[in-house]
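Enquirer: In case you want the letters, here they are:
Number of protein chains: 4
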Amino acid sequence: MDLKMSHHIEEQSWKQLTSHLAEWVADSHKHTTDGHVASYIPELANAPSDVLGICIMDAGGLTVVAGDSDFRFTLQSISKVFTLIMALMDRGEAIVFSKVGMEPTGDDFNSMLKLELVEPGIPFNPLINAGAIAISSLIAGKDSEEQVARILQFFREVAHNPTLEINQAVFQSESDTAHRNRSLAYFLKDNGVLDSEVDDVLRTYFSHCSIEVNCTDLARMALVLAHNGVDPIRNQRLIPRRFVQIAKTFMFTCGMYNASGEFAMNVGIPAKSGVSGSILSMVPGQYGIGVVSPPLNRKGNSTAGVHLLGKLSQEFDWSLF
Amino acid sequence: MDLKMSHHIEEQSWKQLTSHLAEWVADSHKHTTDGHVASYIPELANAPSDVLGICIMDAGGLTVVAGDSDFRFTLQSISKVFTLIMALMDRGEAIVFSKVGMEPTGDDFNSMLKLELVEPGIPFNPLINAGAIAISSLIAGKDSEEQVARILQFFREVAHNPTLEINQAVFQSESDTAHRNRSLAYFLKDNGVLDSEVDDVLRTYFSHCSIEVNCTDLARMALVLAHNGVDPIRNQRLIPRRFVQIAKTFMFTCGMYNASGEFAMNVGIPAKSGVSGSILSMVPGQYGIGVVSPPLNRKGNSTAGVHLLGKLSQEFDWSLF
Amino acid sequence: MDLKMSHHIEEQSWKQLTSHLAEWVADSHKHTTDGHVASYIPELANAPSDVLGICIMDAGGLTVVAGDSDFRFTLQSISKVFTLIMALMDRGEAIVFSKVGMEPTGDDFNSMLKLELVEPGIPFNPLINAGAIAISSLIAGKDSEEQVARILQFFREVAHNPTLEINQAVFQSESDTAHRNRSLAYFLKDNGVLDSEVDDVLRTYFSHCSIEVNCTDLARMALVLAHNGVDPIRNQRLIPRRFVQIAKTFMFTCGMYNASGEFAMNVGIPAKSGVSGSILSMVPGQYGIGVVSPPLNRKGNSTAGVHLLGKLSQEFDWSLF
Amino acid sequence: MDLKMSHHIEEQSWKQLTSHLAEWVADSHKHTTDGHVASYIPELANAPSDVLGICIMDAGGLTVVAGDSDFRFTLQSISKVFTLIMALMDRGEAIVFSKVGMEPTGDDFNSMLKLELVEPGIPFNPLINAGAIAISSLIAGKDSEEQVARILQFFREVAHNPTLEINQAVFQSESDTAHRNRSLAYFLKDNGVLDSEVDDVLRTYFSHCSIEVNCTDLARMALVLAHNGVDPIRNQRLIPRRFVQIAKTFMFTCGMYNASGEFAMNVGIPAKSGVSGSILSMVPGQYGIGVVSPPLNRKGNSTAGVHLLGKLSQEFDWSLF
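Chains as they are written, first to last, in this note's numbering: chain A, 1 to 321; chain B, 1 to 321; chain C, 1 to 321; chain D, 1 to 321.
Hint data in this document are derived by calculation from the structure and do not stem from the laboratory. Some hints could be false.
If we take Cβ atoms under 8 Å as the criterion, some of the chain B residues that face chain C in the derived model are [to be verified]:
id	residue
1	Phe-97
2	His-179
3	Arg-182
4	Lys-189
5	Asp-190
6	Arg-241
7	Phe-321
Keeping only pairs whose Cα atoms sit at most 20 Å apart, straight-line, the calculated SDA-like set for lysine to any residue is [to be verified]:
id	chain 1	residue 1	chain 2	residue 2
8	C	Lys-299	D	Gln-245
9	C	Lys-299	C	Glu-23
10	A	Lys-311	A	Phe-321
11	B	Lys-311	A	Phe-243
12	C	Lys-299	D	Gly-121
13	D	Lys-311	D	Leu-17
14	A	Lys-299	B	Ser-13
15	B	Lys-311	A	Glu-93
16	B	Lys-311	B	Ala-259
17	C	Lys-311	D	Arg-241
18	B	Lys-311	B	Met-89
19	A	Lys-311	B	Gly-121
20	A	Lys-311	B	Gln-245
21	C	Lys-30	C	Pro-48
22	A	Lys-30	A	Ala-94
23	C	Lys-311	D	Arg-242
24	B	Lys-311	A	Ala-94
25	D	Lys-311	C	Pro-48
26	A	Lys-311	A	Gln-286
27	A	Lys-311	B	Asp-90
28	C	Lys-311	D	Ala-94
29	D	Lys-311	C	Arg-242
30	B	Lys-299	B	Gln-245
31	A	Lys-299	A	Val-37
32	A	Lys-299	B	Ser-98
33	C	Lys-311	C	Gln-286
34	C	Lys-311	C	Phe-321
35	A	Lys-299	A	Thr-33
36	A	Lys-311	A	Asp-34
37	B	Lys-299	B	Ser-49
38	B	Lys-142	B	Asp-90
39	C	Lys-311	D	Leu-17
40	D	Lys-311	C	His-29
Each residue gets a CB set at the ideal place from its N, CA and C atoms; glycine is no exception.
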C-alpha cells in the first residue's frame with residue numbers, strides 16, 4: 001500500500017482507539033476481581049485492587065489514556081528490560097551472554113531448578129529473577145550507589161521524565177523480605193556468576209525494581225523500544241538498535257513469566273510484566289503502551305491488563321504473526 | 001513508503017539474493033565440518049556430511065536454489081509444525097491445548113523432566129517430542145493407517161507435490177530404535193494424555209517424521225506459512241490464518257530446540273529444524289525457505305544451515321525485531 | 001547375659017507374643033479404614049479393605065498367627081528382594097552394581113527424576129521400580145519363560161512351599177495397565193541398562209510381582225533372611241550370607257518406599273512392602289514376619305500393617321538401634 | 001553363648017585390635033593419595049594430605065590409637081549428629097520433625113533440588129546441610145551466642161573434654177566463603193522453616209562445625225552413642241536413649257553423604273563423616289571410634305578413613321546385618 005493509505009489507516013486506527021479505549025477499559029475492569037494483589041512484598045500488598053489504567057502513545061507524541069492512568073506504581077520486573085539494555089551498552093554482548101543464557105523457560109520466575117539442573121549456575125535468560133540479578137551486577141559503576149545513580153539517570157532519559165525516583169518504602173520492603181532473591185544471589189555467587197558482593201548487587205537490583213512511574217512513563221519508555229531505540233518524539237537515538245532488538249526478542253519469548261508462550265500466541269506483541277500489576281508493551285514501529293492493574297493471575301501477570309491488551313490486539317490485528 | 005518503492009526494494013533484494021546465494025552457501029559450507037550427523041537413528045547416520053542445499057521461493061513462484069538443492073531427506077521434527085496445524089483443524093484450539101501447553105522451554109528436546117516436574121504429565125508445548133507425540137494422537141482418522149493417509153495427503157497439498165512419500169527405511173529404523181520416544185509415549189499414556197494405543201500413536205508419529213522431501217518442497221510449505229495459510233502461487237487458502245499464527249508463534253519461541261532463544265535473537269525469523277539437518281524457515285509476507293545440511297551442532301540444529309540463515313538475515317535485515 | 005537367661009527371655013517373649021497378638025491385631029485393625037486399596041492395577045483394586053493378617057515364625061518352626069492369616073495376596077514389590085538375591089547369585093556383585101546403584105532415595109517409587117537428574121540412566125537402587133526392572137533382566141535364563149521358571153522354583157524353595165503359583169489374573173492386569181513401568185523400562189533400554197527386550201523384561205518383572213502367597217509364606221521367606229540365608233527349620237543354607245546382608249541393608253534403608261527413613265526410625269527392623277498391602281519383615285537372628293492389610297497410606301505402605309509392626313517393635317524393643 | 005565366653009571373645013578381639021591396628025592403618029595409609037583435601041573452605045585446604053589417625057575406645061575406657069592420632073581437626077558435619085540430639089532434647093520430636101524430614105536421599109549434600117522438587121521447602125533429613133541449618137535454629141538459647149555456648153558445653157560433656165574450643169580461623173573462613181550454605185539458609189527462610197535470622201543461624205551453624213577435636217574426642221563421643229546415651233566410663237546418662245536411637249538411624253541411612261548406602265552395605269555400622277576428613281563411627285554396645293584423614297573421595301568422605309573402617313568391619317564382622 002502507499003504511504004497515504006497507510007497514514008489514513010493509522011489515523012483511522014487512532015480515531016477508533018481514542019473513541020473506544022474507555023469502553024474497553026471498562027469491560028476489562030471486571031477482571032480486576034479475578035486475581036490477587038502481590039503480597040510477598042508487604043508494600044505491594046497495599047495496592048488497591050480495583051485499579052486499571054492505560055496509556056498509549058504514538059510516534060508524534062499523541063497520547064490516549066483511560067481508566068486510572070494517574071495511578072503510580074513501581075516498575076518491578078519491567079526494569080529488567082532496561083538494565084539488560086544498560087548492561088549491553090556498558091559491557092557488550094559477549095560479556096553479558098557469558099553470565100546469562102538466551103533461552104526462554106516455562107518455569108516459575110523464581111525457581112532455582114533452572115540454575116541447578118540444566119545449565120548449572122548460569123541463569124537461563126536475563127528476564128528471570130536470577131538472570132536479572134546477574135545483569136544488575138554488570139551495570140557500570142564503582143559501587144552500588146553509582147550504579148543506581150546511572151540507572152536512574154538512564155531510566156529518566158528513556159522515560160523523558162527527570163522526576164522519576166525510587167520509592168523508598170517499596171525498596172525497603174523488598175530488601176527486608178526478599179529471602180528468595182537473596183537465596184538466588186548467593187547461589188549465583190557460589191557459582192562465580194557475580195563479581196561483586198551479594199548485598200551490593202541486591203541493593204542495585206531492589207533499587208531499579210522500586211523506581212516509581214505511571215502509565216505515561218511506561219508508554220514513553222515503550223515507545224523508544226517500538227522505534228528501535230530512537231525517541232521518535234525528540235527524534236533522538238537513546239539505545240543502539242541491536243540492543244533493542246535483543247530486548248524485544250526476550251520480551252516476546254519470555255517477558256510474561258511462565259505465560260509468555262500463551263501471551264505470544266494470543267496477544268502477539270513484545271511485552272514485559274511486573275508484580276506491581278504493570279505491563280509495558282508496544283506495537284513495533286508504532287505505539288508505546290503502558291498498562292497497570294494490580295491484581296495478578298496465577299502466572300503473576302495483571303489479569304485485567306492481559307485481558308485489555310488481548311482485546312486491543314484483536315481489534316487492531318496487532319499480532320506479529 | 002509507497003508500493004512502488006517497496007516493490008523496487010523487493011526486486012533489488014531478489015536480484016542480490018540470486019547473484020550472491022551460491023557464494024554465501026559456499027561460505028557456510030565450511031561449517032559442515034563443525035558438527036555431527038545424527039546417529040541415534042541408524043538410517044539417519046548414513047547421510048553424507050558434506051551436503052548443504054537451500055531453496056528460497058517468493059510469492060510469485062520464483063525460486064532460487066544453491067548448493068545440494070536436490071538432496072532428499074526426511075522431515076523429522078519439521079513435520080510437527082504441520083501435524084500441529086492438522087490437529088488444530090481437526091479438533092480446534094480448546095481440545096489441542098488441553099493436551100499440550102503453550103510455553104517454550106530451554107530444555108533438551110527429549111527430556112522427561114518437563115513432564116514430571118513442572119506440569120506433571122502435560123507436555124510443555126507441541127514442538128518438543130512429548131508434545132508432538134500427543135499431537136499425533138489427535139489427528140483425525142479411525143486408525144493409524146487412516147491418520148497417516150490424511151497426513152500424507154495434507155503434506156502433499158501444502159508442498160504442492162503429489163509425489164511425497166514416506167521413506168520406509170527411515171520409518172523402520174526409527175520404529176526399531178526410538179526407545180526414548182516410546183518411554184515418553186508410555187509416560188503420556190500413564191498420565192491420560194493419549195487416548196489411543198502407544199504403538200498406534202508412534203506408528204503415526206514415526207510416519208510423518210519419515211516423509212521425504214527436498215529443499216524446494218520445504219520452501220513451498222514454508223511459503224504457505226509466510227502467507228498466513230494461503231498458497232500465494234495458486235492463490236488458494238490451505239490453512240485458516242489463526243492456526244498459521246499459532247504455528248509461527250511456536251516456531252519463533254521453540255522451533256530450534258534449546259537454541260530457540262539464541263536463533264530468535266540472532267536470526268529473528270520463525271523456523272523449525274529437524275535432526276535430518278533440515279530447517280524450514282520463512283520471511284513473513286515474502287519468502288518460503290528450505291535448507292538442509294546434515295551435520296548438527298550440540299543443540300541438534302544444522303550447523304551450516306543456521307550459519308547460512310544468519311548470514312541471509314543479516315544481509316537483508318530479516319529479523320522481526 | 002548367659003545362654004539360659006537369654007533362652008528364658010525368648011520364651012517369655014514368645015509366650016507374650018502368642019497371648020497378646022490377637023489383641024494387638026484387633027487394635028491395629030481400626031487403621032484399615034485409614035488408607036486406600038491400590039487401584040492402579042485393576043485386579044488389586046478388588047482386594048477387601050477390612051483385612052489384617054499376620055504370621056510370626058521362629059527358628060524352631062513355631063508359628064503364631066492372628067487376624068486374616070489365610071488371606072492370599074501377590075508379592076508385588078516384596079518379590080524385588082528375592083530377585084535381587086537371585087541376580088547376585090547368578091551374576092555376582094560387580095555386574096549387578098554396574099546396572100543399579102546402592103543409594104537410598106526419598107523419592108516416589110516410580111519417579112523418573114532419579115533416572116534423568118542425578119545419575120542419568122542408572123536406577124538409584126534395586127528396590128525402586130526402575131532398579132527392580134533392571135534386576136529382572138539380570139536373572140539367568142535363555143528367555144523370559146526360563147527366567148520365570150527359575151524364579152518360581154527359587155521362591156518355592158525359600159518359602160518351602162512347592163505350591164506357589166503366579167496369579168494369572170493379576171499378571172494380566174499388571175501387563176495391561178502398567179504404562180509407567182513400561183515407560184521406565186524403555187527409558188532404561190534407551191540408556192543401555194537393559195540387554196534384553198523391554199517386553200521380555202516386563203513379562204519377567206510382572207510375573208514375579210504376581211506370585212501369590214499368604215502370611216505364612218512371607219514369614220518363612222523372612223525367616224531365611226533373619227538367619228542369614230539358612231532356613232533354620234531345615235537347617236539348610238539357601239542363600240550365601242553376603243547376599244542376605246546386602247538384601248537386608250537395602251530393606252532397612254529403602255524397603256518402605258519414601259517412608260523408609262520414618263520406618264527405620266520408628267520400627268527399626270528390615271522390611272519390604274508391596275502395593276498388595278503386604279509387608280515382609282524380620283527380627284534378625286530370631287523371627288520371620290509376614291503381614292498383610294490391603295489399604296495403603298499415602299506413601300504406599302499398608303496402614304494397619306505398619307501400625308501393627310510399630311506396636312510389636314515397641315513392645316519387644318526390636319529396633320536395631 | 002554365656003557371658004564368660006562372650007567376654008572371652010571380646011578380649012580376644014581387643015587383643016587382635018591392639019596388635020594389628022598399626023599395621024592396618026599403614027595399609028590404609030596408601031589411600032591418602034587417592035582423593036583431595038576439601039578446598040571450598042580455604043582454612044580446610046591447609047590440612048596435610050598424608051595424615052591418617054584412629055582411636056577406638058571400649059566401654060571400660062581402654063583405648064587403642066594408631067597413626068596420627070594426635071592430629072587436630074574440626075568436626076564439620078559430624079557436629080550435625082549432636083546438634084540434632086540437642087534440638088530433640090530442647091524441643092522434642094514433634095517440633096523437630098515439623099522442620100526436617102526423616103528420609104535418606106542419595107543426592108549431593110548441598111543440593112537444593114530436594115528443597116524445591118519433592119517436598120518444597122522442608123529439608124529431607126537433618127544430616128544434609130539444609131536440614132542441619134534448620135536444626136541449628138532449633139537449639140535453645142536467646143541468641144546465637146547463647147546457642148553456641150550451650151552447644152560447646154554439651155559437646156564438652158559428651159566428649160568428656162572441657163578444653164574443646166571453636167577454631168576461630170576455620171569459623172571465619174567458613175563464614176566468609178559458604179555462599180551455598182547462605183543460599184540454602186535464605187531458601188529455608190523464604191519457606192518459613194527458620195524462625196531466627198539467617199545470619200544468626202549461620203553463626204551458630206558455622207560455630208558448631210568449627211569445634212576442634214582429635215580422634216580420642218571423637219571416639220569418646222561415639223562411645224556414648226554406642227551405649228545408647230550413657231557414658232559407660234563414668235556410668236552417666238547424657239542423652240535419652242530414644243534420641244540416640246534416632247541419631248544412629250540417621251547415621252546409618254544418611255551419615256556418609258551420597259555414599260551412605262554403599263557404606264551401609266560394605267561397612268554396615270552407623271557413621272557420620274565431615275569434610276575435614278573425619279569419621280565418627282561405633283560398634284553398637286561396644287566401641288566408640290574416631291578416624292581422620294583429610295583427603296576426600298568424590299562423594300566427600302575420607303578415602304583412607306572409609307578404607308580403614310571397611311577393613312576393621314570385615315576383620316571383626318561388625319556389620320549389623
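Enquirer: Each of the hints needs a verdict: does it hold here or not?
Expert: Here's how the hints hold up against the structure:
no., hint, verdict
1, Phe-97, "violated (23 Å)"
2, His-179, "holds (4 Å)"
3, Arg-182, "holds (4 Å)"
4, Lys-189, "holds (4 Å)"
5, Asp-190, "holds (4 Å)"
6, Arg-241, "violated (38 Å)"
7, Phe-321, "violated (35 Å)"
8, C/Lys-299 x D/Gln-245, "violated (23 Å)"
9, C/Lys-299 x C/Glu-23, "violated (26 Å)"
10, A/Lys-311 x A/Phe-321, "holds (16 Å)"
11, B/Lys-311 x A/Phe-243, "holds (19 Å)"
12, C/Lys-299 x D/Gly-121, "holds (19 Å)"
13, D/Lys-311 x D/Leu-17, "holds (12 Å)"
14, A/Lys-299 x B/Ser-13, "violated (43 Å)"
15, B/Lys-311 x A/Glu-93, "holds (18 Å)"
16, B/Lys-311 x B/Ala-259, "holds (17 Å)"
17, C/Lys-311 x D/Arg-241, "holds (18 Å)"
18, B/Lys-311 x B/Met-89, "violated (35 Å)"
19, A/Lys-311 x B/Gly-121, "violated (32 Å)"
20, A/Lys-311 x B/Gln-245, "holds (17 Å)"
21, C/Lys-30 x C/Pro-48, "holds (14 Å)"
22, A/Lys-30 x A/Ala-94, "violated (46 Å)"
23, C/Lys-311 x D/Arg-242, "holds (16 Å)"
24, B/Lys-311 x A/Ala-94, "holds (19 Å)"
25, D/Lys-311 x C/Pro-48, "violated (51 Å)"
26, A/Lys-311 x A/Gln-286, "holds (18 Å)"
27, A/Lys-311 x B/Asp-90, "violated (26 Å)"
28, C/Lys-311 x D/Ala-94, "holds (19 Å)"
29, D/Lys-311 x C/Arg-242, "holds (16 Å)"
30, B/Lys-299 x B/Gln-245, "violated (26 Å)"
31, A/Lys-299 x A/Val-37, "holds (12 Å)"
32, A/Lys-299 x B/Ser-98, "holds (17 Å)"
33, C/Lys-311 x C/Gln-286, "holds (18 Å)"
34, C/Lys-311 x C/Phe-321, "holds (16 Å)"
35, A/Lys-299 x A/Thr-33, "holds (16 Å)"
36, A/Lys-311 x A/Asp-34, "holds (17 Å)"
37, B/Lys-299 x B/Ser-49, "holds (17 Å)"
38, B/Lys-142 x B/Asp-90, "holds (13 Å)"
39, C/Lys-311 x D/Leu-17, "violated (40 Å)"
40, D/Lys-311 x C/His-29, "violated (47 Å)"
Checked against the numbered hints given earlier, the structure breaks hints 1, 6, 7, 8, 9, 14, 18, 19, 22, 25, 27, 30, 39 and 40 and satisfies all the rest.
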